[in-house]
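So you can see what is in the structure, the chains are spelled out below.
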Amino acid sequence: MAMLKTEEWYDLARQTNWTPRYVDKQDLFPRELSDLHDLPDDAFDVFDEPYKVTYRDYVRTQREKDVGAYSVRAALARGRFYENAAPGWKALLQLHFGGATFLEYGSVSAFGRGTRFGKAGGMRNMSTFGSLDEIRHTQVHLRFAYDYLGKSRAFDWAHKAPRTDNWVVISERHTFDDIEHTRDATSFAVMTNFAFETCFTNLQFVALSADAARFGDHTFATMLQTIQSDEARHSQIGEPLLRILIEHGKTVEAQKLLDISFWRCWKQFSPLSGICMDYYTPLEHREHSFKEFMQEWVSDQFIRKIIDLGLDRPWYWDIFLEDLETFHHAQQLGVWLYRPTGWWHAVPGVSPEERDWLEQKYPGWNETFGTVWDVIIDNVLEGRLDRTIPEPMPMICNMSGFELTGVPGKKGKVVDYPLDYKGRRYHFGSEVDRWIFQQEPERYAGHLSLVDRFARGVMPQNAEAVLQYMDMAPEERGTDGTNYAWVEPYRRLRGKAA
Amino acid sequence: MAAFPLVVNFVGDYGFKVVLVDDALTIGQVASEAARQLAGVVVAPLAPGETLSVKLPGKAVPLPADVKLADAGLIHLETVEIHRADVGA
Ligand SMILES: [Fe+2]
Ligand SMILES: [Fe+2]
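Protein chains in written order, with the numbering used here: chain A, 1 to 498; chain B, 499 to 587.
Bear in mind the hints are in silico, worked out from the structure with no lab data behind them.
Since the model is a prediction, treat every value here as computed from it, not as a measurement.
Among the hints, a few may not be true.
Claimed, not checked - Over the 10 Å line for every Cβ pair with chain A, so calculated as not near, a few chain B residues:
hint: 1; residue: 515
hint: 2; residue: 521
hint: 3; residue: 581
Claimed, not checked - Here are the simulated lysine-lysine pairs, DSS-like style, with alpha carbons at most 30 Å apart:
hint: 4; chain 1: B; residue 1: 553; chain 2: A; residue 2: 422
hint: 5; chain 1: B; residue 1: 566; chain 2: A; residue 2: 361
hint: 6; chain 1: A; residue 1: 305; chain 2: B; residue 2: 557
hint: 7; chain 1: B; residue 1: 566; chain 2: A; residue 2: 65
hint: 8; chain 1: A; residue 1: 410; chain 2: B; residue 2: 553
hint: 9; chain 1: B; residue 1: 557; chain 2: A; residue 2: 52
hint: 10; chain 1: A; residue 1: 305; chain 2: A; residue 2: 410
hint: 11; chain 1: A; residue 1: 25; chain 2: A; residue 2: 65
hint: 12; chain 1: B; residue 1: 557; chain 2: A; residue 2: 160
Heads up, the beta-carbon is just placed ideally off N, CA and C, and yes, glycines get one too.
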């Protein structure tokens, strides 16, 4: 049977913006769920996705991707890759699967919003594929994590994380509820498809899959590559919508959505990807530092794209560049010090050689972040392990949900950005986090961080009660991933010096 | 007597900690308690005889050491800095 070529029917077939007869337009596309920017209906007629795919082609390609990923997994299943992997790589896998899986699952319904409430036919079509993609991402994450469950209970968190009030999970929910789940479909496309998926998932998936391949973790690398190829397609829903917003005089609004989402994603991915790339990936397998990768990927490519569209780089660009040098280093200190609060077995990544690398990539690291590690090293060498886990809780930013940090040491700078709103004091880790709150205080006010809950007595005020509140079973609490073997080079150095 | 949470930066630390103290303590005792919890953990241990001061961020003058926390006019989760004596004492 003769078939039409795709380009002969595709554009027509997805023009589904017919005039409704049984319901009002406002009921079909409620403002709050479809478009808070009040663009005229016909504005969406010009939506044109750069990446076109038919359902038949989609299914075939996805099937091939799955076959590829699962056959690599099957071929390598009998090897002892995990057992032989470096502790840092194990930590990376544990962190990734516990932290990313439920975000993939959340994205299924986020794309569902685009499918149902998007006002452009092409957007609804592409969002449908997006939901299907995210189902696959969830499944492949769960399946691959499950393979490791017999080796470490940390992988339970691929399933368990979203049902807990672990501090990392609270932080992720706060961020992705904001940009994925509580916006109208048009704003969602800018914040999620454009800012989050075009920019940041590339970080975690392109950079990490390259690291994984270099490290010899072909199962993980293949999984990440198949996910990234989906992202490359569905992330492109955002750009045509940005063009439409700008053409209709909504540049200021579009810029603000971008600025908010970029920063929120940055605060998630800086600790996640930054720690994985600069501390967990074994030194001999690192190609670029996190900063170098960000400079190339974000400062060059992503910003060029923003400017081509007629927008500006976010107003806080100088603050971002400073944060790029510092934030994940401070977070790495906290993640290791407070290791019982995480489901993964953190490694410090600060051997003498690693410190040289850090100093070279981030000049000044030793006299800032290094000073805290020096105190920690003294404690481990002297056997004072109880002094390597601070007694007080860390303060948590009321926007990012991560530790409120700065730069330690004599040349350091640690600043809190407080705000009093309706009788409550909020604390923010940066001017930008506070600015986001101020743009729409009622969206964020009332949320209680883990510290707020602690201070208000939601749980008994002791460390054990906090760990229980976070659903950290005793066997799940993170320990040092190397069992403190990392400190031995320092013992030898000191032995020589003595 | 009540538990009073403070947001503390022990100067030199990489961030802030939530130090829970009794509001019957004096500001000087609060500083000692913060030092017990943080000096030798995230910042260098105190030198023998080293003294501390407590400041609100951006303020040059320390809070009086002998005033009780409950009477110091601070709110729950107020941000304070703990300085070693050589700074602004
Ligand atoms: Fe995904
Ligand atoms: Fe995605």
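Each hint, compared with the structure:
no.: 1; hint: 515; result: violated (4 Å)
no.: 2; hint: 521; result: holds (13 Å)
no.: 3; hint: 581; result: holds (12 Å)
no.: 4; hint: B:553 x A:422; result: holds (25 Å)
no.: 5; hint: B:566 x A:361; result: violated (47 Å)
no.: 6; hint: A:305 x B:557; result: violated (44 Å)
no.: 7; hint: B:566 x A:65; result: violated (66 Å)
no.: 8; hint: A:410 x B:553; result: holds (17 Å)
no.: 9; hint: B:557 x A:52; result: violated (60 Å)
no.: 10; hint: A:305 x A:410; result: violated (39 Å)
no.: 11; hint: A:25 x A:65; result: violated (39 Å)
no.: 12; hint: B:557 x A:160; result: violated (46 Å)
Hints 1, 5, 6, 7, 9, 10, 11 and 12 from the earlier list are contradicted by this structure; the remaining hints agree with it.
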